[in-house]
Amino acid sequence: MNKLFVSPSPHTHGPESTQTIMRDVLIALTPAMLVSVLASGWSALVLIIAGVATCVLTEFLIQKYLIKGPVTVCDLSAAVTGVLLALNLPPNAPWWLIVIGSVVAIGVAKMTFGGLGQNIFNPALVGRVFLLVSFPVLMTTWDDAGSMFGIVDAFSGATPLGAVKEGLKNGQTLSQLTADNLTFSQQFFFNVGGSAGELSALALILGFIYLLCRRVIKATIPVTILCTVFVVSGIFWLANPERFTNPVFNIFTGGLLLGSIFMATDYVTSPMTTKGQIIFAVGIGLITVFVRYFGSYPEGVSFAILIMNCTVPLLNKYCKPHRFGEVKK
Amino acid sequence: MTGTILFTIACLVALGLLFAVVLYFVAQKFKVEEDPRIGTVESILPGANCGGCGQAGCHAFAENVVKAPSMDGFFCPVGGNPVMAKVAEALGRAVEEKAPMVAVMRCSGSLANRARTNVYDGYSSCKVMASLYAGDTGCKFGCLGKGDCEAACQFDAIHVDPEKGIAVVDEDKCTACGSCVKACPKGILELRAKGFKNRRVFVSCINKDKGAVTRKACSVGCIGCGKCAKTCPFGAITVENNVAYIDFTKCKMCRKCVEVCPTHAIHEVNFPPKPKIEEKPNEENV
Amino acid sequence: MKKTFRIGGVHPHDNKISAEAAIEVFPAIETAYVSMAQHLGAPATPVVAVGDKVKVGQVIAEPSGFISAYVHSPVSGTVKSVGPRADIAGNMVPHVEITVEGDEWMEDIDRSDRIISEIPYSPEEIIEKVKKAGVVGLGGASFPTHVKLAPPKDKKAECLILNGTECEPYLTSDDRIMRERPQEILIGGAIMMKALGVTRGYVGIEENKPAAIASMTEAAKAFPQIEVVTLKKRYPQGGEKQLIDAVIRRQVPSGALPIDTGAVVQNVGTSLAVYEAVQKNKPTIDNVITVTGRCLPAQHNYKVRIGTPMSKILEVAGGLPENAAKVISGGPMMGRAIANLDAATVKANGAILVLTEAETRRRSESACIRCSKCASACPMGLEPWLLNKLSRAGGRYDELEKERVFDCIECGCCSFTCPAGIPLLDMIRISKAEVMKIMRSRPKK
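Chains R, E and C, in that order, give the protein sequences.
Mapping of the first sequence onto our numbering: position 66 corresponds to residue 66, and the numbering continues sequentially without gaps.
So the mapping is simple: our numbering equals the position in the second sequence, first residue as 1, plus 1000.
So the mapping is simple: our numbering equals the position in the third sequence, first residue as 1, plus 2000.
Hints were generated in silico from the structure; no laboratory data involved.
Only a predicted model underlies this, so the values are computations on that prediction, with no experimental measurement involved.
Hints should not be assumed to be uniformly reliable.
Computed list of lysine to aspartate or glutamate pairs in EDC-like fashion (alpha-carbon distance at most 20 Å, straight line) [said to hold, decoys possible]:
hint, chain 1, residue 1, chain 2, residue 2
1, R, K317, C, E2434
2, R, K317, C, E2399
3, R, K3, C, E2410
4, C, K2055, C, D2014
5, E, K1182, C, E2403
6, R, K320, C, D2342
7, R, K320, C, E2399
8, R, K3, C, E2403
9, R, K320, C, D2398
10, R, K320, C, D2407
Not everything, but these chain E residues come out facing chain R in the computed CB check (under 10 Å) [to be verified]:
hint, residue
11, T1040
12, Y1120
13, Y1133
14, D1136
C-beta: ideal position from N, C-alpha, C; glycine also.
Bound-form chain R, shown alone (with noise of 0.2 Å):
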């Protein structure tokens, strides 16, 4: 017979790891990319694959000749960054942006701070903001000529966010730019202008519901911020529905239901507890909602969330879970 083992308690663990995680998390954006391919064709496929190899191998390279220290790329978190950040991007982007974005987002977002568990913004966002201030004009033109199956006509233009902004700009109102711009079914299944992640809420929402089922996240940070952007864009609406767009055309468009289920709710860069995460996405809505009213960019979720993914330190802190047998007050 062989030596027995001898552990201190408990003997046994939970089925879930941090492969099985992150698997579910990529697993959740199938969706989101197949609409994207389908959509934009091959360039989106292509900006994928891209990213993932490289935040793949860029991790892998660090972590051998760098660090020198054992490699983790199994753990797949490198993937799902790669895949976050394909669907941040114009679906027609060249590829060798996406390399470029990839490489800062595992070196220099991620790696930087320690790896895994220890960077404070979310390398994948961090990615998308440094080659939207270094190639704004690639950043934000989609050119989708190039739909596969013929599912959405060509088209070629800004994201409708863009395309109000510029609309708002130039002296219209509201009334004048929604009368040629998309209905709500449109939005809420083919938005055709948008980065790869943007096009279809449905996909993502399916997403949503996948990572609620398998209990990965929890839904207080997504629904949080879909409340506050609801909310406080509905106020606004009412003051001056000329001026400003309607809360359901500002959660439906832009990144803001890409970015709330699956870059705010990343664990290393979101807060511990249900406390700390509702101010963080209460924050998250708010920053939103004023950069897209106020700010000179058409959208602001990605900033929304790097700026309040500096808060979560100080959340972590001050925020503490409900102790037992701690009297309510």
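The hints should help you fit chains E and C onto chain R, whose structure is shown.
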């Protein structure tokens, strides 16, 4: 135009003066008087902040030694006698020279000498392991080999030998700060006098079990037979709780005990080889 | 809606594979090794000498302090030795070794099957009888029961909760006794209620034991003051604090005792032992032990005399299979791994669980991904990830105390749930011990 500039300058100057006055009074009120000798002593100390002296660090040591009336109870194990002599000189006091010490590993239960009876699968820490159970061998007192001492040592002077499965002290690097002694949950490590020419004789076992139990668990354990105590001409060896202990203040290093020990649990280190080629006791260095 | 506790918890697979195995009486043994440290508190002092003849149920050791207990001979025969022997962890503990000769019981023990439901004794008499019988908490902590039945003067007990949750995976001994001996358990409960002077009693049972719930509910019809409460399946429901929260919605404040909520919790096995002690004069000399594991040829629930070596039990149960990697005394969440299979059973042993390497091997540790699943799982509302970080930093005991590391009940939910395989509980346990040592060393206010 000139009026604005003059007004601005005047405001700034006034503010500057005001703050300077406030700062001056605050600094006077909250001034911390520190004996200048504390700085002097601290600069003499090695600055390792190892805590081996029993103080919170080198600064605390300096502070307390300056405050104290004499050098009694203060000794920097890292710097040893030369540093203490300098400290005493700086303070204008006398200091007694202390015998230099070294950490001694009192277990030789290597993988070859001590069979493993089970496999530990928890967090790799002696402290965690010791709080859980007696250990992964039949010996309840021996080295667990998880390296709490190695983690505690700031001088890279103690390592767990992967082949032996027990900790080994590097006596050239050891400063006798005592961190490993505190870290070991089994109390195996001991600070002993370094000895003349680094020569030492000690019992490399602390097993308090009865002889038969010890013998079953480990081939080089002290079985408490008492032969060494009977042999010792200086009365330096005592056998208590089935384990022998050599008092290094009484030991004259005649090495008679080493020869009589039936399990070779008594080690001699750094002695020249004996002229006679007899059956040699276990001279395994620790 | 079924009740449960309000903070944290996990759902391990319950693996109650031995639930259908009826209780079997374990065959007679040749030698019994009776530990003197079968209870929380000071070890008992042996009162027999080598060569003494003892009968079943005879006192062989007396308590050596306020929190201590009597120990009785589980067999009849001759005392062979009195001295240290290794327990399951390999540590030396005083034992009395008895060579078995026949099976002669003390005369005053009622060995019939007759169920006696009248309780003619006063509370003081009950507590004295429980104390004399050496009854200890059989839920795992083995706290002497007579101490728990006599709360401090300034605390007032309001209700008694019988713990039939058996929330640990695999274990089925409580399930079996609730199915087979519900009346005796409830009479035991009634006896303890009388001793405590309370009029309200509950039996908390998790929903995965429908047969036990049915038999206890049926038997409870004769006890209007005792209510059987069905609880959701959730670990660690059987923790004293969690059970009180689940059943009467009160949380024990940090640093306080469960009695501060007015509740006294006793395991159903303890209740049975109290019944036997008070009504039958039978001290705690045996207990029901589940022998289980997916790799074992058969599952058993044995009624075993205390002092039987574990190796003997495993041998009778069919021997240790080739692929067995770990033997655990208790369940997989809070049980103790057995380093020494020759160790003898003690009063609070409830199970011997055999696991294979695939079932039990620790995962290799990877980086914390800050998922906060440990904080969500912690039934005490602590933050295991933070406690782990502080423990590893070394010496940060003030902060650990502020984060209430001393509230940890060591249920293992954090380590169980951690996707990165971090041994959170290993680290927390160590710093908890340190912090509690520091707290105890402080002068009392």
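Here is what the structure says about each hint:
Of the supplied pair hints, the one linking R:K317 and C:E2434 is violated, its CA atoms being roughly 23 Å apart against a limit of 20 Å. For the hint pairing R:K317 with C:E2399, the CA-to-CA distance comes to about 12 Å; that is within 20 Å, so the pair holds. Restraint check for R:K3 and C:E2410: the C-alpha separation of about 27 Å exceeds 20 Å, so the hint is violated. Pair hint C:K2055 plus C:D2014 does not hold up; C-alpha atoms about 40 Å apart against a cutoff of 20 Å.
For the suggested pair E:K1182 and C:E2403, the alpha carbons sit about 26 Å apart, so the restraint of at most 20 Å is broken. Distance hint between R:K320 and C:D2342 is unfulfilled; the C-alpha atoms sit about 46 Å from each other, more than 20 Å. For the given pair, R:K320 sits about 14 Å from C:E2399 by alpha-carbon distance, which is consistent with the 20 Å threshold. Between R:K3 and C:E2403 the CA atoms are separated by roughly 39 Å; this puts the pair beyond 20 Å, and the hint is violated.
Proposed proximity of R:K320 and C:D2398 is supported: the alpha carbons are some 17 Å apart, at most 20 Å. Simply put, R:K320 and C:D2407 have alpha-carbon atoms about 15 Å apart, close enough for the 20 Å limit, and the pair holds. With a least beta-carbon distance of about 40 Å to chain R, the hint placing E:T1040 at the interface is violated under the 10 Å criterion. Evaluation of the E:Y1120 hint against chain R yields a held restraint, the C-beta minimum of about 6 Å falling below 10 Å.
Interface hint status for E:Y1133: upheld, as the beta-carbon distance to the closest one in chain R is roughly 6 Å, under 10 Å. Nearest Cβ of chain R to the Cβ of E:D1136: about 7 Å, under the 10 Å cut. The hint holds.
Of the numbered hints given earlier, the model fails hints 1, 3, 4, 5, 6, 8 and 11; all others are met.
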